[in-house]
Amino acid sequence: MTCPAEEEDPFPADDGLFSETFSQEVVYTLMSEQLKITQVFGANLGVAAPVWEAVRARSGHLIKWIRLTFCFIFLTPDICAQAVHLCRYLEDQSVNLKGKRIIELGAGTGLVGILAARLGAEVTLTDLPLALPQLQANVSANTPSGGWPSAEPAVLPLSWGEDHLDFPSDWDLVLGADIIYLPETYPLLVKTLAHLCKDGAVVYLSSKIRKEHEAHVFFEQYLPSRFHVILVHRDEKQNNNIYRACLRTEE
Numbered sequence: 001m002t003c004p005a006e007e008e009d010p011f012p013a014d015d016g017l018f019s020e021t022f023s024q025e026v027v028y029t030l031m032s033e034q035l036k037i038t039q040v041f042g043a044n045l046g047v048a049a050p051v052w053e054a055v056r057a058r059s060g061h062l063i064k065w066i067r068l069t070f071c072f073i074f075l076t077p078d079i080c081a082q083a084v085h086l087c088r089y090l091e092d093q094s095v096n097l098k099g100k101r102i103i104e105l106g107a108g109t110g111l112v113g114i115l116a117a118r119l120g121a122e123v124t125l126t127d128l129p130l131a132l133p134q135l136q137a138n139v140s141a142n143t144p145s146g147g148w149p150s151a152e153p154a155v156l157p158l159s160w161g162e163d164h165l166d167f168p169s170d171w172d173l174v175l176g177a178d179i180i181y182l183p184e185t186y187p188l189l190v191k192t193l194a195h196l197c198k199d200g201a202v203v204y205l206s207s208k209i210r211k212e213h214e215a216h217v218f219f220e221q222y223l224p225s226r227f228h229v230i231l232v233h234r235d236e237k238q239n240n241n242i243y244r245a246c247l248r249t250e251e
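The sequence shown begins at 1 in the UniProt record's numbering and counts up one residue at a time.
Check each hint, because a few of them may be wrong.
[As the list claims (entries may be wrong)] For lysine-lysine, the following BS3-like pairs were computed, each having C-alpha atoms within a straight-line distance of at most 25 Å:
{"id": "1", "residue 1": "Lys36", "residue 2": "Lys100"}
{"id": "2", "residue 1": "Lys198", "residue 2": "Lys237"}
{"id": "3", "residue 1": "Lys208", "residue 2": "Lys36"}
{"id": "4", "residue 1": "Lys191", "residue 2": "Lys208"}
{"id": "5", "residue 1": "Lys100", "residue 2": "Lys191"}
{"id": "6", "residue 1": "Lys198", "residue 2": "Lys100"}
{"id": "7", "residue 1": "Lys211", "residue 2": "Lys191"}
{"id": "8", "residue 1": "Lys211", "residue 2": "Lys237"}
{"id": "9", "residue 1": "Lys237", "residue 2": "Lys208"}
{"id": "10", "residue 1": "Lys98", "residue 2": "Lys198"}
Hints were generated in silico from the structure; no laboratory data involved.
Could you put the whole structure together from the sequences, leaning on the hints where they help?
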């Protein structure tokens, strides 16, 4: 869908919508670890802001849709629902995180990666630059009293399909929670995942299957083009899927 050039945009980029920011703090107990996670909301912060900035230069007509996406997620009762689903799945499956090299994509609040670091993993949290202050704040707020078992999580910017080559490929796990909601980014995400998994990393992605965001297309077409993909968990009530993926080896 395209917007005529002469049409007045009802959501201009500088209209001040959500210009004020506020935060929501939630305490989670996962794998016997208590984590205090803060999400900051606002026009230039929060869930959709990094995507908004990344797409604005490429597709100005999508700004209105992305704003509506922000409103949708803004109204979600639990800001970390998909991250919690992924953490609980890893716990239920007794996935050993201690000593693992883990990178989280689109980390947002950092819940998954911070929990992994508290359990002894060597973790790198990534997102677009606007999200990094929030990530770093949550890392600092959840520093164990005795220090991190392995190392403090690294917090780094990563724009899918652009600077992924700046990162190594020797990970054990690549994690992502609620990062499948903007179709324009799907090829970029697959490209990034393929690089990160060159040395055999396993991918776990937790996602709501939103038809309006074509999430099913990502998991049925985009991801299988480079990866072996298995649906390992389905929560019908919450419309949440967890997928496990491994890079296809070239024959």
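Comparing the hints with the structure gives:
no.	hint	result
1	Lys36 / Lys100	holds, 23 Å
2	Lys198 / Lys237	violated, 35 Å
3	Lys208 / Lys36	holds, 23 Å
4	Lys191 / Lys208	holds, 21 Å
5	Lys100 / Lys191	holds, 23 Å
6	Lys198 / Lys100	holds, 16 Å
7	Lys211 / Lys191	holds, 23 Å
8	Lys211 / Lys237	holds, 16 Å
9	Lys237 / Lys208	holds, 11 Å
10	Lys98 / Lys198	holds, 22 Å
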